[in-house]
Amino acid sequence: MLERLGTSATGEALDPVDHAVISQALIAAAREMGVKLVRSAYSTIIREAQDASACLFDAEGNVVAQAELIPMQLGPMSEIFRSCAAAFPVERLVDGDFYITNDPYSGGQHLQDVFIYSPIFLDGVLIGFSGTVAHHLDLGGGNPGLTPDAADVHAEGLIIPPTRYSFARDWDDGGGLQRLVAANIRVPHQTIGDFNAQFAANAIGADRLRELFRRYGTATVRRSMAELLDYSERRARAAITAIPDGVYTGEDAVDDDGLSDTPLAVRATVTVAGDTISVDYTGTCAQVRRNLNCPFASTISAALSAIKSALTSADIPFNEGLKRPIRITAPKGSLLNPHYPAPVRARMEAGYRAYNAVLKALAQVVPEKVIAGGNDTTHVTSVSHLEDNRYKVYLEIYGGGWGATVGRDGGDGIDSALSNCTNTPVEATDMDFDHFRIVGYGLIPDSCGHGRQRGGLGLYRRFEILKDGVNFAIYADRFRLAPYGLFGGTEGERARCEVVRDGRVITVRSKDTLELMKGDILTLYTAGGGGYGPAAERSGEAIAADIAQGYVTEAAARAAYGRTG
Amino acid sequence: MRVGIEVGGTFTDLVAIADGRVTVLKVPSTPKSPDIGAFNALAESGIPIPSITELAHGSTVATNAVLERKGFPTAFVTTAGFRDILALQRHGRSRIYDLAYHQPPAVVDRRSSFEVSGRILADGSVLTALDLAAAERDLVPALAAGGYRAIAICLLNAYVNPAHEQALKALIRAHLPGVHVTVSSDVTREFREFERASTVTLSAYVQPVMDGYIARFAERLKEHGFAGRFSVMQSNGGRVPGEAMRENAVTALLSGPAAGVTGAARQVARSGYGNLITLDIGGTSTDVCVVADGRPQLTNEFMIDGLPVRIPVVDINTVGAGGGSIIWVDEGGMLRVGPHSAGADPGPACYGRGGTVPTITDAHVVRRTMRADAFLGGRMRIDADAARTALAPIAERFGMSIEEAADAAVRVATANIVRAIQLISTERGHDPRDYVLVPYGGAGPLHAADVARDLGIRTIVVPPSAGIISAYGLLASDFSQFDSRTLRAAVDDTAPAVVRETFDAMRERAVARARSLGLDGELALEFTADMRFVGQAFEVPVPLPLDSLATLTAADLRARFGAAHQKVYHFGAASDRPVEIVSFRLGLIAPQEDAPRLSEPSGTAGEDRAIELYTDRAWRQGTLLSRGSLVPGRSVTGPALLDDSTSTLLLPDAWRAERDAADNLILTRETRDA
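Those sequence lines, one after another, are chains C and E. The first sequence maps to residues 1 to 565 in my numbering. The second sequence maps to residues 1001 to 1674 in my numbering.
For the record, the hints were derived by calculation from the structure and aren't laboratory data. The hints are all genuine.
Below, simulated SDA-like cross-link-like pairs (lysine to any residue); rule was C-alpha separation at most 25 Å, straight line:
#1 E:Lys1567 x C:Ala203
#2 C:Lys369 x C:Ser539
#3 C:Lys467 x E:Ser1125
#4 C:Lys369 x E:Asp1098
#5 E:Lys1567 x C:Phe121
#6 E:Lys1567 x C:Ile192
#7 E:Lys1169 x E:Asp1109
#8 C:Lys332 x C:Asp149
#9 E:Lys1567 x C:His189
Use the sequences and the hints to build the structure in full.
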């Protein structure tokens, strides 16, 4: 061991084997943090839907390895770290401290995503950080789970500015911060348990990093971490170099802001120059009065996800290095970089359009790498109830059909690209909630766009309401503007939501809240994906198989393709 | 005469044991009809079939049926409104930046998925009665018209109340005799409808395949005058009589690797070791498993081809690192090994069958840690120059010699294997340093010392005939069956009574079933409660020793759970949050009386030879000896290679090997680097 440390300290080149081993171990440690966070959590939004992420950082706060869970949360883990470090210098941290924030106007995303970073010390020296983010079920605000009509960010819940606390003093065992948070949220029992799962996951990441440093020595692991960033950077630059230089633009829009019918336009100008790429969102509409505003951290995440997915091969580790050749800008005061105190709870929708606009721009130059428009929306519903002075909150996140790609039909009924939530099993909601029951969950035949490759099918979920006075809140999109097809492919079906009450159909808007009554049947239908290439080029076997499986009806096949095989 | 026959992808292994004499034999597998390979092995062994008192069999028949989608047409029936459970799965993605992502395809397609009306609630009460009339009118004709050979039924909340599933099964059986009907509540009693539906669907899918295979095998044995006991391996490391497997084929999905773990555990127990990590390195992959107190650890979260199977299986982690794993440099300049494999054809470059990409086997040939004249006992010609040529570009890329590049690749492969072991040890709260490493399979003994060093393991135990330990495991394993029951109970003063009552009921059922299968003699039981903090969704298994049940208190239950949670999640022991039991598991084991021993085959001694080999970044002088010549009382110090007919053992510098009274080789590392 001593010998190993000695040789590393001489500054010799990093042994390729040591590096391969250390980098794999870092990635494995981040993955373990993610798995254990999800598995020891309490709320269905984390333990079933897995709306949480985890990373390991170097001592400067660069992400070196991540658990591949939720792309939207992962993109700006370092930026959010930096706002914490700006508020309280890293040099003054001691073992047992942590940083915490959820403030969208200090680098955060929306209030429900709480970021916690724990410094990791070995023999008194800071060697890195472990960080986790989890979507918390309820952090206060005007309405359980989500507040569609919040006028500002204060109405959306408790704001935790970037701050340093001590775990032993402020959190553990009924510490002051824990008591303050618990007093301001609706389901403290579950939510505090979820916070604890974050702290525990951070501790596991710290243990693993310390083991690595002990084993390979500080100098070697530090160099390996730096090399891992350089490695991702090299591979990202190589991928970008392969794309013809030029300026490409793409546009998409959010349906509306929930107040008027005006679409909220998002415009991306993508400039490829040598081994760098920049995305500028000038031309995007101004920020809005409702919660559709997308904090800049979320905008960065959306653009990065589009670039990473379309341009680089899947096995490039996502870390700070990958981001070096990429520059993202958005005008202050726009939908994608709003001023305080605009509400931001539903930032995913504008985030998705920022993602789509980049892919549409890239479609002009690398058509074989992009994807047609899909559901590309986080539909979020909150079905909550107050009974015996206790809240029950059920949040669910829905994907839908994916756009088709050059070689493959779009995926059916899968969570959308910036998110990666799993569904809550019906048997879990049956066990945990008595104010509603899920009575249907399935694919929607004919909801896809057509083409040489068809889009994926949307999905529906249907609820029977079991009590009067159930609170329903939703934010969603693609209710008005359908997912686009590419290169001759047709549009996918739009999403919608309705309540059937005493035989009458009540149409629910994409951003809405209403009180439900016992016996109501509530159904959410998500969007289908757009097609890719002309319908005339679709193979007869593919059409016939879709009909046989009930994905597409005969009538729809005739209408789209003029044939049934 | 007792015989174990293990059919693998490439080879079929046979172990025969009579009066302490061991015969081992390897013949090529016959993948289209695996039983042919098995009977070929019997024929080559010269063993008269009527003299066999016991024949234990393991095969990849069920696994291949799933991987190659070669099962029979299968239908899926579920609660109205939920036909698409198998397609929607859990709605997430395993590769988050993949734009062309699709869910892993289920073994039953959408047109073969059907619905029935009727709903049971989470407490087991019936909200809507099962509409049997409609099922008879609509479903039964549709199933008949589809020509299905197997039907899987998974209804919502059947894990708590199986009445609807059982009624539907009876109806379908009455109308469609000859069709296999499998219901979820008979296979697994756990909540989460997709995972349960996936399990029962896979079970139904492989049922007719296994049923036909076992029946054919038994019939053929009978024709040859076999009058002994015929048993089949399960994924949980225990056997069942052949008849029982015909009813519950899903338990065969991971049986091959499970047999290896059991064989290793049994053989090594004779040297007094109960805590071990098994290391099985084959041509394309490596399987690793933790054995604690002589028992292979089980898991309930097994996946095959991306699809969940919720039955207890030996907790084996598989990683794509084997002799055929390809050595490559990725776009970012990182040295990588696997997961892609050169397979059997063209295979490693040194096989001379046209392969040009370097593999781990080529790296061993270059390092001379595998000898060109020792492949398949010298029956296979090896082209060492082709191995060097294949590795040359890698060496050039890193500015290394070809030997250095080969050595680096072996170290990367070792690191991949070490990661795989950490996943099932460190991450599950087991410290590898408390375990001995037990390598087997063709290449396990070749990598064991490097793996042990990286994990801080100081003792390696290598069983005799390490290349055929799975076949031995068939004979050495106990008969076993597992049962689970979801039953939520708060851990308070009422809990001990619930635990005792549940145990009594489960024991009664399990014992009756074992006796009906002809398992006489003593039966051992293991009882586990799956527990969690109230509000969590994932449970931690908490073993409840039988002798603790009579005096069990709520405080005991809490303490046992707290310790188990702390071990995995690093918190929980001190928590005062309420705790609940979610389900119980009962394992029933019919221990083998006089389990056969695996001893060193006789007549394998030979002359020692001086050799040169490249390990740990340098050429070294070493010794080559046949394993049989390492007689008890003699020890050898590395560097050395020890050959037997089934595998090669590499003993690096600073390691010492001795044969003990049980014929296991005990390898220890000298502690001079402290």
